[in-house]
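Q: Chains as they are written, first to last, in the working numbering: chain X, 1 to 212; chain S, 1 to 212.
Please keep in mind that the hints were generated in silico from the structure rather than gathered at the bench. Computed from a predicted structure; not experimentally measured. There's no promise every hint is true.
[What the hints assert, rightly or not] If you want the footprint, here are the derived chain S segments under chain X, 3+ residues with CB under 8 Å:
no., stretch
1, 83-89
2, 142-148
[What the hints assert, rightly or not] FRET-style restraints, in silico, Cβ to Cβ:
no., chain 1, residue 1, chain 2, residue 2, range
3, X, Glu67, S, Cys43, 44 to 54 Å
4, X, Asp78, S, Glu49, 46 to 56 Å
5, X, Asp78, S, Glu55, 46 to 56 Å
For glycine and all other residues, C-beta sits at the position ideal for the given N, C-alpha and C.
Protein chains: 2
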Amino acid sequence: TPHRLELRTAGTIFIEVPVFALLQQVLAATVTVFEQEHFQGKCLEFTSECCNIQECGLDNIRSIRVESGAWVGFEHHDFQGQQFILERGEYPHWDAYSGSLSYHVERLMSLRPIYCSHQSSRMIIFEKENFLGRSVEICDDYPSLQAMGWMMPEVGSMHVQCGAFVCYQYPGYRGQQYIMECERHSGDYQHCRTWGSHCQTPQIQSIRRIQH
Amino acid sequence: TPHRLELRTAGTIFIEVPVFALLQQVLAATVTVFEQEHFQGKCLEFTSECCNIQECGLDNIRSIRVESGAWVGFEHHDFQGQQFILERGEYPHWDAYSGSLSYHVERLMSLRPIYCSHQSSRMIIFEKENFLGRSVEICDDYPSLQAMGWMMPEVGSMHVQCGAFVCYQYPGYRGQQYIMECERHSGDYQHCRTWGSHCQTPQIQSIRRIQH
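Bound conformation, chain X alone (with noise of 0.2 Å):
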């Protein structure tokens, strides 16, 4: 349950402060998305989610230059497609930040600030679909889950408490990539089909959290 902060003012306002967390972070969050690798070519600057880049006036992005906040880029409008995380630094190509060579489409068509409180980091995952068998709780980076006592290279379901996390098919954050946050779906990720519509596959090794 959310601590509440009180605000005097001619009466009394009560605001959750996870919300009002959140709302911070996304007035924080900025991205620069360049038409061409390296930084090049045509350039255009977010603070809020993009659903069509093209829309926007760019055909594709092909670098990205994180300005602050986290950020979740995908292959296609709308959010749907592979997600390709990205934090503050800089991504001069398509690779810098792709997790996935298997299925190499360079498109990068809409992105989204990732909405993640600053409190901890919290999530359950369980070895059956729809939150069923053995479960494990979860609120540190796990760059192997198997090396943590998680004897089984799939995830059944996740539900995520609080804060955002990053899950990757691979050991040591690689392959594919799927960002859960409580802020969405209720945290509840009840399927692999609900973790991204690219998901094909319930396998998940590692995890992290993701920090502002």
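Could you slot chain S onto chain X? The hints should help.
A: Below, chain S without anything else, positioned relative to chain X:
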């Protein structure tokens, strides 16, 4: 200065704890490598380094199962070329452990365990070569060095005080990978040429610890 573990026997023996931990890990490390993708074809199990897998009877390594410990694979014989960090879990094909699409050569010809003590990891990164310029101490995982206040996308030199780290060319643990160990080169990496024979740029934008 390392703690001393006192063992009472007929007399008194002193063992440096880091050495002790080191031995434990190297003994514990086990990896199975396969000549074909998806854990098919001829396979070999290693519990210590292999400087040339062709001399062991495999023409290449195309899938890997890390049973325990953390390992680093190399593109060429004798621990040369691109480095591939391998932690406990399953890697069914080359792009599951490769970080770089821009330099796509599907070869893994040698591998060795990563030597890192179970103590906390700590390193200092420097702005310039030969441990000059501004410096920052690192003892955690940083998916974005810029987000933690390191304003440039490069690192000039590094000194690993204890443990082992992986440095990555791009944020979010992507791009070229470089293993940095306190037990090698006395933990000194004074120039990007010393990070690996494949290293062509001082660009480093994310760093994480290797933990068993």
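Q: Which earlier hints can't be squared with this structure?
A: Violated hints: none at all, because every hint is consistent with the structure.
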